[in-house]
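*Asks:* Take a look at the letters that make up each chain.
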Amino acid sequence: MLSRLLRTAFRMLLTFFVIVTLVFITTRLSGSPLDFVIGEGMSVEDRAIMIRYYELDRSLGEQYRAFLRAFFDGEFGLSFIERRPVADMVAERLWPSAQLLFSATAVTLLVAIPLGIIAAVQRKSWVGSAVMAFAFLGYAVPNFVLAVFLVLVFAFSLNWLPVVGNGTPAHFILPTITLAAAMIAAVMRFTRNAMLDVLGQDYMRTARAKGLPEDTVILKHGLRNAGITILSVVGLQVAALAASGSVVVESIFAWPGIGDLLVNAAIRRDYPVLQFGVLTVALAVLFINAAIDFAYAWVDPRLRHDGGEAGK
Amino acid sequence: MTTVTGTGKYLGVRGLWSEADLIRRVALVLSVSLVLAAIFAPILAGYEPNAQSLISRLRPPLGFEGARPGYYLGTDELGRDLLSRCLYGLSLTLMLAALGATLGLVIGGTLGVLAGVAGGRIDAVIMAAVDTQIAVPFTLVALFMLSVFGSSMPIIVVVLGVAGWEQYARILRGEGMRLMQLPFIEAARAAGASPQRIALVHVLPNVVSPVVVQFTLSLSNIILLESTLSFLGLGVQPPTATLGAMVGVGRDYMPTAPWIVLAPALLILAVTFSVQILGDWLRDRADVRLRGR
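Chain order of the listed sequences is A and B.
Residues in the first sequence are numbered from 440 upward in steps of one, following our numbering.
Residues in the second sequence are numbered from 173 upward in steps of one, following our numbering.
So here's chain A without its partners, still in its complex pose (with noise of 0.2 angstroms):
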């Protein structure tokens, strides 16, 4: 189990490394950073003093360094924009966007997990057909014409809901149906097929020949082992899909979040937010990644002794 985690930290740590050196070189690659940072009209001595000030006529190596320094330091930047420092924006965005992602991981598993059992056992009924056009449809929609549809029959149309902010209870209603559709799809397909191959096993049988009732079956027996292979799933797609969806979501909606704050930045060329905030969400990315390898193998009995090959 130590092992285990020791080695899941390690991978974590190396793969932020190995992003953290993109974004360095994505940077320098595109030319000066200088030309971003001040616009026309400077002159050829002022512009000498400004390659100084930002260490660029030192060799590569030495900026790399030196930008690795000044992020293990904590000193992100300035956004060039606001002029404030990039983490307290960041920071100021991150609850606004965990609000939104909890409401739409609790909706996706409220619905996909019941719905995906229901198409496991009803599969050759309409029922199980039915619900399976419906995950279909969740996956072909992309979210941001989802976004469009819902603001127009229920905003515009309907007029029953608000589409702006975050201010009340029902701010959260359109956005987390939008950002919630795609992780149903996903998380009621894996259900399904989780479901599917536990159905088939021996022990399913014996349950039932001992006579329990179909409810404790499919509950008891069928989901606390489909559970192991779905919480994988959960993990892996829906922390992309959230990540994706929320730029997109926050977005239409304008919703503070930190998806919200990169569209932004990326549209006015905001480097240092952008960079900073990237490496945010995937640091948070890779987190709950580690997080769900963890409780995978906390889970599974058979992980949890041997250091965890055998699960792969």
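Rather than coming from a laboratory, the hints here were simulated on the basis of the structure.
Note that this is a predicted model, so its numbers are computed, not measured.
The beta-carbon is built from N, C-alpha and C at its ideal position, and this holds for glycine as well.
Any given hint could turn out to be false.
Stated by the list, open to error - Residues of chain B clear of chain A, computed beta-carbon distances all greater than 12 angstroms:
| # | residue |
| --- | --- |
| 1 | 314 |
| 2 | 316 |
| 3 | 352 |
| 4 | 366 |
| 5 | 371 |
| 6 | 423 |
Stated by the list, open to error - Pulled a few chain B residues facing chain A out of the computed Cβ check, cut under 7 angstroms:
| # | residue |
| --- | --- |
| 7 | 304 |
| 8 | 308 |
| 9 | 309 |
| 10 | 319 |
| 11 | 400 |
| 12 | 403 |
| 13 | 429 |
| 14 | 430 |
| 15 | 437 |
| 16 | 441 |
| 17 | 442 |
| 18 | 444 |
| 19 | 450 |
Given chain A's structure and the hints, the job is docking chain B onto it.
*Replies:* What follows is chain B alone, placed relative to chain A:
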């Protein structure tokens, strides 16, 4: 339409049609007509996609009050014909997606076969890159790259190509490793074939079917990514029409002129829906385990 099955058996269009259920037939007809519409966009469109006409701004589609004859789907905020823009947008979206998916196939395919055939340290490095790519949500990478390098067409194609390479790399590595165990490869090696020859002549022809399936699946992901980026204003820059950008710009006019958003949004839906169904279909055919489930 290429019709490759898991066993390498080729079926005619008629054979495909007769085994398809209703949804798959709809998807097939829909995707063929969408591709035709995209190819013949210059002929079908009645107007230049960027020609403005300020007298006829924000006109609704034909059949609604205030519509102008000749503008079947109405006009947008600058008086441009919506149908023409949709057609041109569709063709650009499909072209970008096809280019991106092909680029991803070339990058990922090469690295995947290399990893599978060469093994050892090369394999470890390539798979570490794959793991890193999987760990980071690609929308973020795309945002970053487009913002740093600008949203020119070549950059967009590169971003879309990088989006899916790791899937090809994984699939082809697995297939490559599996094939390397088989006797006919060993025979080729014993006969003195070079690693390059083994990769090109013996491995590549045997991985066509999973690659076709993955190509279709990744096509729909790439279309989604492209329209999302355009929607956010980071894709192809105005006034050039892509479907995602039309939805993005039209957002501001939603309360008064919903058709500006609805027409391209429905078109995107039709594209992603039919491509996904086709991809799913091909995967079912290729995956023997799923037959009869």
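*Asks:* State the violated hints by number, sorted upward, taking the hints as numbered earlier in the document.
*Replies:* 1, 2, 6, 13, 17, 19
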